[in-house]
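For the record, the sequence lines run as chains A and B. Note that the first sequence ends on residue 500 in this note's numbering; no numbers are left out. Note that the second sequence ends on residue 90 in this note's numbering; no numbers are left out.
A few of these clues could be false.
Okay, derived cross-link-like pairs now, EDC-like style, lysine to aspartate or glutamate, Cα gap no bigger than 16 angstroms in a straight line [as the list claims (entries may be wrong)]:
no.	chain 1	residue 1	chain 2	residue 2
1	A	Lys398	A	Asp303
2	B	Lys13	A	Asp286
3	B	Lys82	A	Glu70
4	B	Lys82	A	Glu347
5	A	Lys270	A	Asp286
Calculated directly from the structure, the hints in this document are not laboratory data.
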Amino acid sequence: MTDIIKLTAAQIAERIASGELTAVQVTEAHLARIEAVDEKVHAFLHVDREGALAQAREVDAKRERGEKLGPLAGVPLALKDIFTTKGIPTTVGSKILEGWIPPYDATLTKRLKDADVVILGKTNMDEFAMGSSTENSAYGPTGNPWDLTKIPGGSGGGSSAALAAYQAPLAIGTDTGGSIRQPAAVTGTVGVKPTYGSVSRYGMVAFSSSLDQGGPCARTVLDAALLHEVIAGHDPMDSTSIDAPVPPVVEAARNGSVQGMRVGVVKQFRGEGYQAGVVQRFDESVELLKELGAEIVELDCPSFDLALAAYYLIAPSECSSNLARFDGLRYGLRAGDDGTRSAEDVTALTREAGFGPEVKRRVMLGTYALSSGYYDAYYGSAQKVRTLITRDFEKAFEQVDVIVSPTTPTTAFAIGERADDPMAMYLADLCTIPTNLAGNAAMSLPCGLAPEDNLPVGLQIIAPALKDDRLYKVGAAVEAAFTARWGHHLLEEAPSL
Amino acid sequence: MPGITREEVAHLARLARLELKDEELEHFAGQLDDIIGAVARVSEVAEQDVPPTSHPLPLTNVMRPDEVRPSLTPQEALSGAPAQEQQRFKVPQILGED
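In isolation and in its complexed conformation, chain B is listed as follows (with noise of 0.2 angstroms):
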C-alpha cells in the first residue's frame, strides 16, 4: 500500500477544488494514510465472485408529463445568489483571456 504523500493530496486538493493550506496538506497527508490504511481490508473480497451494490433499492428513472407547472420565480431561485444581475446569477469569469 502506497504511502499518501503531501503532493498527492495537493493534487487531489485540485482535483476536488479546495485550496487547501500548507499546514492543513501536511496534517491530511497523515490522516488519510491513517484512514485509508484501516479501510483497505475491503480489498480482501476483491477477487471473490461478487456482484457490486451501489444501492439498497433498484432505482429506475422517475419520469413525469412534460408539463409547465408552477416552480419557483425567478426572484426565489436567485434569492440565495452571492451576486446576481438582469435576472441571472452573476459569476467569476469562467474562460480565460487568452
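For reference, chain A alone in the conformation it holds in the complex (with noise of 0.2 angstroms):
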C-alpha cells in the first residue's frame, strides 16, 4: 500500500490504464492512509468514502468495457472545500455552512467527474479562504506534514498537506492572493494560479471575485500540468471565464528547458523580512538557471512595494460586498429566529454566530474602505496602485519570458505564532499577490530546505497571462534539474508520518 501512495498522478494513471492496478486499489490505499494520519494531520473536513469507492469502481468497469479513459481517470484527488459538490457537504471552513448540502456541481467539480478523476473528499481551509496558515478554519487546523507544530500555509493549507502526507496524490486549490502557492511553497508541493479567467468560477465560493482563482496543486510539474488541462478552459455559467483555448501545459511540462530563455529577477522581491535561508535557496535557484543556460535579467517594478495595501483594500471590498448573500435566509445557518425578530437583527445574529474573526475583521475594513468619503482614498486608490502594478508587469514581460522569486519570505511558522497579528500573517503573501492583482499566471514548486529549520523553500515562477504553458516549461526543467542533484524527491526527506 505504501508503494500506491508514493506514486505520481502520471503513474497511477498509466497503471490503471495498463490494469497493473485497479482504481479501487488505488482509492482504497489512500483511503487507507488518510486514516491512519489524518487525526494527525487534519487535512480534510470530508472524506467521501463510499462516494470515492463508487467512482473508482466505475473506472474499473469502464476499463474493462474497453471504453476510453481520460488521462488522469482512476486517480484521487483532494478537493478544497470551496468548490460545490452535489450531495457533499460544502462548508468553506465556516461554521455558517455547517451541515450545507449544495443541490449542484461546480463548474471545477464536474470537469473532475466527467474526467475519471476520483474525489476523495473536501480539505480543510482558512474561513472563505481568508488567511495564510489555515488557523482561521472554523473546524480547527490543519498540521504542516513536516513538522505538525507548523502551519501548511493557507488558505488551502489542506490541500497542500493532503499531498505531503500522502493523502492524495492531487489536489485543487484557490488562490486569491497566493492560497495556492504559498501552502505549496511552505509543504515542498507544487502549486499553480493559472491565469485569472482560465479555470470556471462557477461554483466557487467567492471571496474576491476579480482575483479568485481555482488551480491545480500536485507533488510534480507533471501531475499538476495533467490536472491543469483538465480543470481549465472555457466556461458559458461564468461570465469571468476566458473563451481561448489553454495553452499546451502538459506538452511544456514533459519539455522542460530553460535554454536560450530571459528570466527576471526583481529588485522589489528581497529586502527585510525575507529568511535567510529562503533567500539563500532563491540564489542557488538564479544560480540552477543559470547553468541550465537561461540569461537573467534584473527588473525594476517600484509598483509591487504598494501590492500588499492594495490587496488588504481590494480583497476586503470585494469580500464585504460577495458575502452579503450569507443572510440566515435562504440556506446556511440562522440564528436568533425567536418568532420576534426582524430579517435583519436575524441576519446580524447569524452573521456574528456564523463567521469567524478573520472574516468579521475583513467585512469591517471592507465595509470602512467602500464607505462615503474613504472609497477615493482607499479603494479607489488601491485601483489605480492595481493599474501600476499590471504595467510594471508588462514593461518587464517586454524584456523577460518569466519571472522569478521566492514564493514566501519565511518558511512555515508556528501554528499560533501570528494569530493575534493581521499584519504580520498579511506578510506572507508579500510575493504572491502583485500576480493575483495583474491577473496573471504563476507556479510555486520546491527548491529545497531551509539551512536554518530545514522546512521546505518554494521557487516562484510568474508568466504573462495565458503563458501558464512558460510555468510548465520552466517549472519541469528546474524540477528536473534538483531532483537529479537530491537523487530523490523533496518530499522523501520529509519525516514519517
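Starting from the two chains in their separate frames, assemble the complex, guided by the hints.
And the structure:
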C-alpha cells in the first residue's frame, strides 16, 4: 500500500490504464492512508469514502468495457472545500455553512468527475479562503506534515498538506492572494495559479471575485499540468471565464527547458523580512537557471511595494459585498429567529454567530474602505495601484519570458505565532499578491530546505497571462535539475508521520 | 489619518449586519486602525493621473437566449433553507408593525 501512495498521478493513471492497478486498489490505499494519518494532519473536513469507491468502481468497469479513459482516470484527488459538490457537504471552512449540502456541482467539480478523477473528499481551509495559515478554519487548524506544530500555509493548507502527507496525489486549491502557491511552498509541493479567468469560478464560493482563481496542486510539475488541462477552459456559466484555448501545459511539462530563455529577477522581491535560508535557496535557484542556459535580467518594478496594501483594500472590499449573501434567510445557519426579531436582526445575529474573527475583520475593513468619504482615498487608490502593477508587469515581460522570486519570505511559521497579528500574517503573501492583482499566471515549486529549520522553500515562477505553458516548461527543467542534484524528490526528506 | 474609534466600528458593524459583542468592538477598533494605517500608503498614488483597474479582464455582459432550460427543482432549491413553508423560503418579518 505504501508504494501506491508514493506514486505520482501520471504513474497511477498509466498503471490503471495498463491494468497493472485498479482504480479501487488505488482509492482504497489512499483512504487507508487518510484513516491512518489524518487525525494528526487534519487535512480533510469531509472524506467521501463511499462516493470515492463508487467512482473508482465505475472507472474499473469502463476499462473492462474497453471504453476510452481520460488521462487522469482513477487518480484520487483532494478537493478544497470551497467548490460545491452535489450531495457532499461544502462549508468553506465556516460555521455559517455547517451541514450545507449543495444541490449542484461547481463546473470544476463536474470537469473532474467527467474526467473520471476520483474525489476523495473536501479539504480544510481558512474560512472563506481568508488567511495564510489554515488557522482560521472554523473546524480547527491543519498541521504541516513536515512538522505538525507548523502551519501548512493557507488558505489551501488542507489541499497541500494532503499531498505532502501522501493522502492524495492531486488536489485543488484556489488562489486569491497566494492561497495555492504559499501552501505549496511551505509543504514542499507544487501549486499553480493559472491565468485569471482560465479556470471556471462557477460554483466556487466567491471571496474576492476579481482575484479568485482555482488551480492545480500536485507533487510534481507534470501532475499539475495534467490536472490543469482537465480543469481549465471556457465556461459559459461564468461571465469572467476567458474564451481562449488552454495553452499546451502538458506538452510544456514533458519538455522542460530554459535554454535561451530570459528570466527576470525583481529588485522588490527581496529586502527586509526575508529569511536568510529562503534567500539562500532562491539565489541557488537563480544560479541553477543560469547553468541550465537561461539569461538572468535584473528588473525594477517599483509599484510592487504597494501591492500588499492595495490587496488588503481590494480583497476585503469585494468580500464585504460577496459575503452579503450569507444572511441566514435562504441557506446555511440561522440564529436568533425566535419569532420576535426582524429579518435584519436575525441576519446580524446569524453573521455574528457564523463568521470567525478574520472574516469579520475583513468584512468591516471592506465596509470601511467602500464607505462614502473614504472610497477615493482607499478603494479608488488601490485600483490605481493595480494599474501601476499591471504596467510594471507589462514592461517586465517586454524584457523577459518569465520572472522568478521566492514564493514566500519565510518558511512555515508555528501555529499560533501570528494569529493575533493580522499585519504579520498578511506578510506571508508579499511575493504572491502582485500576480493576483494583474491576473497573470504563477507557479510555486520546491527549491530545497532552509538550512536553519530544515523546512521547504518555494521558488515562484511568474508568466504573462495566457502563457501558463511557460511556467511548466521552466518548472519542469528546474524540477528535473533539483531532483537529479538531491537524488530524490524533496518530500522524501520529510519525517514519516 | 483619523483613528478608528469604537463608535465607528459599531457603526460599520451595523452597516455590515454584524451584531458584534462589546469586546469585539474594542478589539477590532485597534486592529482596523493598525491595518488602515499600514494600507493607507496606496493614497500616495492618488494624485497621479492613473486610470483605476477594477478587474484584470475587460468584462462584457454575457447573454443567452431566453429559453426555458432544466434547472433546480423547487425541492432542490429549498434543500438548504433554514425554514420553509408552502414551497417558499420562510423568513423572519421584514416590515415592522408600525
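Lys398(A) paired with Asp303(A) [C-alpha distance capped at 16 angstroms]: Roughly 10 angstroms separates the two Cα atoms, so the pair holds.
For the pair we were handed, Lys82(B) and Glu347(A), check the Cα-Cα distance against 16 angstroms. This hinted pair holds, its Cα atoms lying about 14 angstroms apart.
Do the alpha carbons of Lys13(B) and Asp286(A) lie within 16 angstroms of each other, as the hint requires? violated, 49 angstroms
Given the hint that Lys270(A) pairs with Asp286(A), does the C-alpha gap stay at or below 16 angstroms? holds, 13 angstroms
Between Lys82(B) and Glu70(A), does the CA-CA distance stay at or below 16 angstroms? violated, 48 angstroms
In this structure, the hints that do not hold are numbers 2 and 3, in rising order.
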